[in-house]
Amino acid sequence: MEPSNFRRKNVGLRLLAILMCCGRWTECAASSGDSSSVQHLLADSFREELLITPLDTEHLHLQFKFTITTPRRAHYGHVDLFPKSVADVMEKHALEELHLVLTQGLYRHRQWGYAAEAWAPTGAQVYAWFSPDDTSTPFSSAASQHSVDQRWKGLTNSLAGLFCATLNDVTNAKSISPVWQFRPQGLTRAGSVNNSLVRYSTLPRENVCTENLTPWKKLLPCGEQSGLARLLNAIKLLSSHYFSLALNVRPVCNNDNRKSCAVEEQLLQATFTATAVIQPGSVQDFNKLHWSLKDIFEVELERGCPLADQSLIYVDQGLPGSPMQEMALQPFPSFTMALPENNHRLAVYDLANSTTFNGPKFTLSGKSPSTVQPGLHEPLLTTHRFVAGYGQHKGAIKCRLENHDPTSALRVQYLEVLPWFLRVYLHTLRLSVPILRSHFRPARDRIAPHHIELLFDIPSASSIEFAVEFDLTLLKWTEYPPDAHRGFDVPPAVVAVMLKSPEQCSHVTMMPGFDSCFLRLYTEALLVNLPTPDFSMPYNVICMTCTVLALAFGPIHAYTSKSLVVGEKESAQRPLVKLKNKVKALIAKWKARRTRVAVPDSTSSAEQDSSPTS
Amino acid sequence: MGLLTDPGKSEQMAKLLAKNYAKLSALAYIVGLCWTFAIVDDHFTLRTYFSENALLPGLVEPAFTSTDEAFAKMQYKLLIDLQRKPDSHFPVDFLHDAFRKLGLEAYVHSYNYTLPGDGHKHGKSVYAILRASRANSQESMVLAAPYRSSKTEKVRTEGGIALLLALAHQFRFKHYWAKDIIFLVTENEHIGAKAWVEAYHGIDSSVVASEPLKDRAGAIQAAITAEIPGPNLDYVDARIVGINGQMPNLDLLNLVRLLCSQQQIPLVIQGNSQLLERTPQNMMGHYLRDLQTASAMVTSAASGQLEGNHGFFQQFNIQSLTLRGLKKDANRNGRIGFLDLGIAFEGICRSLNNLLERFHQSFFFYIMPATQRFVSIGLYMPPLGILVLPLVLTALHLWSKGSFPVGEGNAAGGSSTVGTVLPWIVLSHAIGLGAFTVGLSALSTLPDTAAMMVGLGATLAVAFSTPVLTSRFLREADANLLHSLTLIELAVGLYALSMLNFSLALIVAMIAVPVAILQVPTNRTLRTLLGGLLLVTCPTLVMLGVKVWEGLRTGAVFSLNDLDKVKDEWLLPLSDLFMQYVVYGNWLSPVLCLFLLPVWVCTWMVYWTSG
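Residue numbers (the working numbering), protein chains in the order written: chain A, 1 to 614; chain B, 615 to 1225.
So here's chain A without its partners, still in its complex pose (with noise of 0.2 angstroms):
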């Protein structure tokens, strides 16, 4: 217990201990000699994927995948590939499921289509189902003791040291407990789905960096040392057009059924995601598609991470027919397959085979002859959200959602999150099809923003619109954020949709293994404009107004205060110190005119004082 204490005292110690055991935890943990732990050890896996999808735009839309499971269980004292701080915040917050994501710029689904578990809003998006305050079940900690508000908070504040983030800015007045979105992805068990277990908070603000990433990527069993982490490179990634790094935790079942899992099947699974768009043309080479990874990334494979049971990088070369089927693609694929949900082919290496490699290092380049002119095929479901009105008075949310599947209505599950300090009206909600189920849930100022759910379906080709009208309001001074004329940014909605169809799913990029044809979809976060004091001028009215209220408060005072009493001098003092004065008096008076009379011989008395002296 001691020493756990104190590493959740220091994060800085506790990253330095991950930099020290990451990538050699084996050692670590085989000299620590526990049997049991040893047994775990054993059991913990590691998959790591890349899959790459040219986009209609001459973009390439990359996705990194690091898998690590580990045997679920109370206490995580040792593990073996697992990061051992991520198991920690599991444990000390008591957590089933975990998700983080921090994301640069903007995903724009309408030029580059939709790619699977690439959902995430600009900024830092944070949200996880707690355990519930139930002993008897296996994996039970003590913290489910405590309420969701604080682990909610400790969760926060542990993650924010742990990815750099300033995800401790998530308070209550930022998050909701979501009614239908953000269900768990994984097992539940009985009485673990309730809503007052989730929380929810976005941060649209939040600057994603190097400093996000080199903690992330050192949670990864072979860090950036080998494997396809390697090819994550910081610059290049930060560069490029959209970029986000996430981190999913879910208890999963070893033998794919949900149902009913054993205590000794579930199993914890970490994914780490890294998603990036990248244009790797140069200027001159409009309509045509020519890449390699060498370039992108100027990094070179070796070898997949010794560590990994599948080290795959996977190229979506879209539906039959799709021009993307005549990519050139150097290295010739391991082999290539189709995903049964959305029938788009996949070219797949894989790395732990020696064949893949065509020379000592993996250089996979790809060449199409000619993209799909973009805006041809336009998504699915396209969103728009927008701030409409101006001055600093009121205002409207409108979010314009569209659906341009000719044939069947879509049904939308729509979650909007607004600050308190938007004064929103339920009167002037606006839909204009019928809301099949609603929760609208009112801000109350600084505990909690207005959190509306909804659910409706989006007729064949046709487009509604969202509406809620808003006032502003004036915060107190030391509310606002610095750069406070910037304005304020309202996080952005969430349109979350299932695909029931495999030709609707065939807009999708997915990786095998994904079951789901379920899109979510993150609107643009905005910007409003609050009514703000001029900052510059606080410091010259506060000063002049104080040097005014001391030239003013002066006189005030001493007029109201002091009253002028006339009154004669004599009668006012007590008969001792009358006698006092009249002695003083006297003796005064004799003074002076003995000074009077000694005056002429007062020059030899100080030439007597002086005499000793010399």
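Keep in mind that the hints were calculated from the coordinates and are not lab data.
Just so it is clear, CB atoms sit at the ideal spot from N, CA and C, and this is done for glycine as well.
Mixed in with the good hints, there may be bad ones.
Incomplete in silico selection of chain A near chain B, CB under 10 angstroms [said to hold, decoys possible]:
no.: 1; residue: H78
no.: 2; residue: H99
no.: 3; residue: Q104
no.: 4; residue: P121
no.: 5; residue: P204
no.: 6; residue: S240
no.: 7; residue: Q279
no.: 8; residue: Y390
no.: 9; residue: H485
no.: 10; residue: D489
Below, a list of computed lysine-lysine pairs in the DSS-like style, where the Cα atoms sit at most 25 angstroms apart [said to hold, decoys possible]:
no.: 11; chain 1: A; residue 1: K294; chain 2: B; residue 2: K788
no.: 12; chain 1: A; residue 1: K398; chain 2: B; residue 2: K942
no.: 13; chain 1: B; residue 1: K629; chain 2: B; residue 2: K765
no.: 14; chain 1: A; residue 1: K367; chain 2: B; residue 2: K765
no.: 15; chain 1: A; residue 1: K398; chain 2: A; residue 2: K294
no.: 16; chain 1: A; residue 1: K92; chain 2: A; residue 2: K236
no.: 17; chain 1: B; residue 1: K765; chain 2: B; residue 2: K699
no.: 18; chain 1: A; residue 1: K236; chain 2: B; residue 2: K828
no.: 19; chain 1: B; residue 1: K768; chain 2: B; residue 2: K699
no.: 20; chain 1: B; residue 1: K768; chain 2: B; residue 2: K687
no.: 21; chain 1: B; residue 1: K941; chain 2: B; residue 2: K687
no.: 22; chain 1: A; residue 1: K294; chain 2: A; residue 2: K367
no.: 23; chain 1: B; residue 1: K828; chain 2: A; residue 2: K394
no.: 24; chain 1: A; residue 1: K174; chain 2: A; residue 2: K500
no.: 25; chain 1: B; residue 1: K735; chain 2: B; residue 2: K768
no.: 26; chain 1: B; residue 1: K691; chain 2: B; residue 2: K765
no.: 27; chain 1: B; residue 1: K715; chain 2: A; residue 2: K367
no.: 28; chain 1: B; residue 1: K699; chain 2: B; residue 2: K735
On the provided structure of chain A, position chain B as indicated by the hints.
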């Protein structure tokens, strides 16, 4: 009987006022006038400076090269070729494709608009969004150019459109953009810009009905409108005055000035080409030039008219200005080409890109006597205050004259109360409201100006004939009170107006104050003179006069022979004023009809009653 007032003292004050108000008023007016003219002088103006440190102007190496210049020239040639075609129209497809080919998201925005008396019309705009690769589309800036058909006589704009394309060509693939850049080309002059800006903010207006925009790019931080005819220019004119005298942030103008001067592009303001020449060495010449520039700015702000499409952006709190490329001599080629302009525009965009916050520092209220000198609001407000002071002094004197009869027995026939003059005040305002309503409703009958003429003639006739009534029912003592109240209304109105549109308040004060305070003299000649003065300053007539003068100055010839033409040419400008109110909310016509005309009618009544 207030606690703090001593009735004896007010009587003394009244006596003092009665004795000295005329001198004081005259002094205040003269001092105010002199001060107003003095603040333009170099000794009182400040040199412009950058308040917003984040702009970091002109610190980057320009990336706009001769390749981009060649691209601009090519696009310019294509546009001119399109223009020369017999059935030339707004090249929507050409622009849309051009932006698309550059890899930008290009969209067409179409709208319908209804101008009074002009029927329904259709228009289109093309806009393209350059997405800042690493940003999240929360902020953006706009580079706009209007498209003008070959029929108009205004400055050509093909150069501006070509420049926009060249800038898009240069800006794409750059990683440093933190704000999206919107390239916008509109047609139909003001209507096009209005339609797009309103659609961007999801606003519905009575004039324009437009389809929703397909995509946006967050909050617009700044907008630059380019009216560039082509290469080979001599100088650039920065148009800053927007609707109702609204100004962009001074930092934006500073930025434009600095980047133009780095490229040796001469920049003038208010089209005052004297600024291009060497600064006159003699003090008087120097002063006169500054005065001319400043007064050009004041008159254009007072007119409330739109000088370019930037005015619509300003209405939505987006700092914006119009840069108009001009030639000194139409037949000679200037030395400024696309390269210089491109580098300057690139610099402006990259500086705006550095902004962390919206423009909020520096000045929003100022007058520019020269490109590098400005008079801030703190300097120009006191003279106006003093200029309006005579109204207050005279009003006080007249009020006290009614309450405490001093000297001559004016109060014969009982004291007058506010109640006795209220009907006349109401009547005068009713006339004003009538004029305004007539003006607005006559718009629907355009282009036939008969309704406008008859309507305005009728209201003017009523206004002029009010003395027939007043001379019978209004006593002279009441006239004094009416005069006093009128002056108070004028003073309060002017002070309020000075907060909204300083320039308009200044010009009205200069004209109205001396006329309003004059009391009707007993001397017959003087009396007739004042009557004439009053007639001349009737707001409607003044406006008509200004419009006619404007027409004469700009070269629209008025032919007196053709009566129909006279009617059209003289009245269309006046109806234009109401049109401006309807289309973009120019306050001049409501101020004229609802404030100045009633005040004038009251003064007119006073003139005919007293003396």
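Next item in the hint list is P121 of chain A. Is there a CB on chain B closer than 10 angstroms to its CB?
Holds. Min distance 9 angstroms.
Does the structure keep K828 of chain B and K394 of chain A at a Cα separation of 25 angstroms or less?
Holds - the C-alpha atoms of K394 of chain A and K828 of chain B are around 23 angstroms apart, at most 25 angstroms.
Taken at face value, is the distance from the CA of K765 of chain B to the CA of K629 of chain B at most 25 angstroms?
Distance ~67 angstroms between K629 of chain B and K765 of chain B Cα, so the pair is violated.
Hint check, H99 of chain A versus chain B [nearest Cβ-Cβ separation less than 10 angstroms]
Hint violated; H99 of chain A Cβ to chain B Cβ min 20 angstroms, cut 10 angstroms.
Just to be careful: measuring from the Cβ of H485 of chain A to every Cβ in chain B, is the smallest value less than 10 angstroms?
4 angstroms, holds
When you check the alpha-carbon spacing of K765 of chain B and K699 of chain B, does it fall within 25 angstroms?
Given pair K765 of chain B, K699 of chain B holds - Cα atoms ~13 angstroms apart, limit 25 angstroms.
Tell me if the straight-line CA distance from K367 of chain A to K765 of chain B falls inside 25 angstroms.
Violated, at roughly 50 angstroms.
Straight-line Cα separation of K236 of chain A and K828 of chain B no greater than 25 angstroms?
31 angstroms, violated
Given the hint that K768 of chain B pairs with K687 of chain B, test it: the Cα-Cα distance must not exceed 25 angstroms.
21 angstroms, holds
Checking one constraint from the list: CA of K699 of chain B to CA of K735 of chain B, max 25 angstroms. Satisfied?
Distance ~23 angstroms between K699 of chain B and K735 of chain B Cα, so the pair holds.
Answer holds if the nearest beta-carbon of chain B is closer than 10 angstroms to that of D489 of chain A; otherwise answer violated.
The hint holds - D489 of chain A has a Cβ within 10 angstroms of chain B, the shortest such distance being about 7 angstroms.
What's the verdict on K92 of chain A and K236 of chain A, does the C-alpha distance respect the 25 angstroms limit or exceed it?
35 angstroms, violated
Violated hints for the displayed structure, listed by number in ascending order: 1, 2, 12, 13, 14, 15, 16, 18 and 24.
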